[in-house]
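From first to last, the protein sequence lines stand for chains A and B.
Counting from 776, one number per residue, gives the positions in the first sequence under our numbering.
Counting from 1011, one number per residue, gives the positions in the second sequence under our numbering.
None of the hints are false.
Below, simulated DSS-like cross-link-like pairs (lysine-lysine); rule was C-alpha separation at most 25 Å, straight line:
1. A:K1021 with A:K1177
2. B:K1102 with A:K1079
3. B:K1033 with A:K1177
4. A:K1164 with A:K1023
5. B:K1033 with B:K1167
6. A:K942 with A:K959
The following residues of chain A were derived to be distant from chain B, with all beta-carbon distances above 10 Å:
7. A927
8. S951
9. G958
10. L973
11. A1106
12. R1108
Hints listed in this document are in silico derivations from the structure and should not be mistaken for laboratory results.
Owing to the predicted nature of the structure, the values given are computational and were not obtained by experimental measurement.
The beta carbon of each residue, even a glycine, is placed where N, CA and C say it ideally should be.
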Amino acid sequence: MSSHSASHSPVATAPPFQSGGSLQSAALAMIILGGAASAGALAGDEARHRLAFAWVWGFAFVWTIVLGSLFFVAIQHITRSVWSVIFRRVAEMWVAPAWLVGLAFVPVAVFVFAFGAHSAYPWADPAVVTGDHLLEAKKNYLNPNAFALRSAIFLLLWIGFAAYFVKNSLAQDAGSGGEQRAGKMRTASAPFLIIFGLSVTFASFDWLMSLDPHWFSTIYGVYVFAGMTLSGLAVITLSAVLLSAKGKMGSVVTGDHLYSLGGLLFAFTCFWTYIAFSQFMLIWCGNLPEETVFFIHRVEHGWKPVTLALIAVRFIAPFLLLLSRTAKMNAGRLAFVSVLVLVGQLLDLYWLIMPCAEGHGPRLGWQELGPVLLLTGLLVFSVARFLTKHRILPSGDPMFEKSREFHL
Amino acid sequence: MTSETRKTVGLVGLFDDPDSLMKAAEACRDAGFRKWDCHTPYPVHGLDRAMGMGPSPVPYVTITAGFIGIGVALLMQGWMDVIDYPIRIGGKPLWSWPAFVPICFELFVLFAAGSTLGAVLFMCRLGRFHSPLHDSGVMADITSSRFAIVLDAEDSKFSPQASEELLRKAGCTDVRPLVENTGEGEAH
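One chain only, chain A, in its complex shape (with noise of 0.2 Å):
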């Protein structure tokens, strides 16, 4: 309802910051760090194993995170949604360094073809199919160039669409042809969401469900998809409360907007609650020892801390943290719950790749740190970088003015 609708003065037009200051400097220090540390462990046959494995748990993170913020910007215009239109420039500030996404596989895929004995993934040594029956049958998906194949071409899809709907937001601030420009990213939003859907899935089978060859889950991609949205959630609602506190947004963010940040955010903690508890009663159920492998290399080795923890941080905490309706809109509440959700994200992709270094209880030490630390850095150094560049308010889109006077 329009009824307090008084005129709202015009927002700032000009990037938020003048220069990337100190959250730059402290992404370079992260990304100094991180390097020097995946650089140390490149030496050696058994730290190099240990570092296959951390490459693909910060890959995985910062991939999330950024497909996760693309499939944000996608719903909200395939929905045409009014209340979200004010944070899309602060999702779509997440999206851009998709590119980076494409870089972080490359070692990925240098692993596999170059050490691939020493690779996180069984599959990719000759030495190790021969003779098994099942890698065997899985050889013509499961190949180092199927694989390399199939990750270019979704790398690509993302990339593509990531920087179509970037470039067309961005051109929308210049003033003329919003309206046009919304109904080509609506547009382009439905094939998006059908080949993300599809991408997602089997790019997780591929990636991360594949470091266990043997076992097998068909719920597995759309559990990798709760994460995913909630790490988008997460970046996306803490950087837009850092942002409002700092002033940077005006006065344009209300309770009444964040509330639907704060409810997705609720939501899809439950959803992968319900998911990832689907894919163990299954399992429990079923009782097959070729699927009940997973969850006894999760709780054998000291893993069960880790198990636990991840339920109380996936679940219990956010749950409690954002049940009532006040708290999905108190901002540092909901900044405490986003930075929760990033470290229930970092600790459930350590919990599903971690374990898959048989016979090792789980390890923290610089190997594993250092690819987190540098790809993590690397995106908030981009991120940092985009708030010099472009205004934090998409203004410039049609239904900005309607966004900002949303009420519940």
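We have chain A; now place chain B onto it with these hints.
The following block gives chain B in isolation, referenced to the frame of chain A:
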């Protein structure tokens, strides 16, 4: 038919658009009224805030009923599968909690949803067969095209003249007494 008496129980202020209703609601809120309500033919966003309404107590009913649902589900399945008709399935313990979770979830949702609906109906005082708004002849208007503020005479801030003055000052051009037919109907 018993003798019918008409009693004035408050005031109705009628408005033609939601914006004027919203302004008048703010005036009533600021005047400190507690026993009053707004009636609109469709949901008007932001009216709860204009009326100064605090957070709704309904969520507490929802969450309490939901957890009662989980309790009922556990007791029911525990009694069925462990005590009354124990069958060992797949070599698993009789008390196999993972198998109970879907039913716990379903009963949580069922109890939470049912009680929410019940609590909302109860708090809106829906299900009454009669309202003073019928007697005052405004029900047809406020369920089709007009917006009303209803001030209850039992409110401590209420006085027929001053309250009418308040509504008129807030932009209302159609203030009517809220009347209730007594002697008939109420007893049943």
